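A.B. asks: Letter by letter, the chains look like this.
Protein chains: 2
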Amino acid sequence: MDTRARMLGATEESLRETGMAGTGIKEIVARSGAPIGSVYHHFPGGKTQIVTESLQNHSAKALRLLQTFFDGKRPPAKAVKMLFDNAAKEFEKAGSMKGCAIGSVALDLTREDFEIREICQASFESWIELIATQVPRSLAQTIVVALEGAFVLGKALKSGDPFRAAGKWLAATLEAQERRR
Amino acid sequence: MDTRARMLGATEESLRETGMAGTGIKEIVARSGAPIGSVYHHFPGGKTQIVTESLQNHSAKALRLLQTFFDGKRPPAKAVKMLFDNAAKEFEKAGSMKGCAIGSVALDLTREDFEIREICQASFESWIELIATQVPRSLAQTIVVALEGAFVLGKALKSGDPFRAAGKWLAATLEAQERRR
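Protein chains in written order, with this note's numbering: chain A, 31 to 211; chain B, 31 to 211.
Keep in mind the hints are simulated off the structure, nothing from the lab. Mixed in with the good hints, there may be bad ones.
Which copy is meant is left open, because identical chains are indistinguishable; a pair holds if it fits in one copy or across any two.
[To be verified] Computed cross-link-like contacts, DSSO-like style, restricted to lysine-lysine with a CA-CA straight-line distance of at most 27 Å:
1) Lys56 / Lys77
2) Lys119 / Lys108
3) Lys77 / Lys188
4) Lys188 / Lys91
Note that the structure is predicted; figures quoted are calculated from it, not measured.
Pulled out of the complex, with its shape left as it was, chain A reads as follows:
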């Protein structure tokens, strides 16, 4: 992997673990092993640019993951259950310490972080859009809301259970919704 990609990967990991709070140029350099002089060579826009690009990478990866569940090959209730159970497992496998980079950054945004806020907004909208091809839009939004909230509680409780609980109840809601059609 080249230096630029390594730095973006290190930023993404740092954002997932500690949001903007623990993500500075020094941390990115330390995690990636890149020489500090290379930061502004690869990212002339500094921290804003490197954060923006890693969030875009993270968002695209999350969208591809969502697509594997919401590919239309199974009822939405089943897709939601699989998504949340899978998230619980992955979350615990990583030590119950890694959140979603987009969510972690969203809660740290200041009024001045226009560009970064727009990336967060576009990410969430693209995920909602995808899920809304199969369920009512407000329910698609609720699924993304629950996914983000599960990272919050999961990190505090050091457990994947908040994902499992939310997945179970959202699946029940979707099943009731499917029966009523």
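Given the structure of chain A, go ahead and fit chain B onto it with the hints provided.
C.D. replies: Coordinates of chain B only, in the frame set by chain A:
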């Protein structure tokens, strides 16, 4: 209000707006108007102590607010709908920029923030406990998950709609649950 209370209030506001990322001693001093020398006089434990105490205050306030909805005087479906609609309104009134202090901090926690993580855990557990007096525990957990997730999406989308969407679907889930009893 005395200096100590003013500093705690300033910390709480800062945590709600930007999590740990924007909350340092300098910011707390600037927001509270307290002399910088008074920080370690009132909080010998420094940032960890002041953050811990403001989170405890925030958590207790949130619990009291939850109690006004889940007071047993209305069906849980109605309580949830009111809670989320009220949260949407308050969130928008504050410029769609203020999250939950506990949630914002949870996503910024490092492995070393033992004490602060325990406050986050105890907060979420006390809220779940309260709601679980009226609904199944995993559903109570899902309600708190959705509340926290709505702050995440609300901040990114600059809108209270994620609260309204989640409140609507959780109420539908609870109604279905009540019918099945």
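A.B. asks: Confirm or reject each hint.
C.D. replies: The hints, checked one at a time:
1. Lys56 / Lys77: Close inside one copy (10 Å) and across copies (21 Å); limit 27 Å.
2. Lys119 / Lys108: within (17 Å within a copy, 33 Å between copies)
3. Lys77 / Lys188: between (29 Å within a copy, 23 Å between copies)
4. Lys188 / Lys91: Both: 24 Å inside a chain and 24 Å across chains, each within 27 Å.
Of the numbered hints listed earlier, not one is contradicted by the structure.
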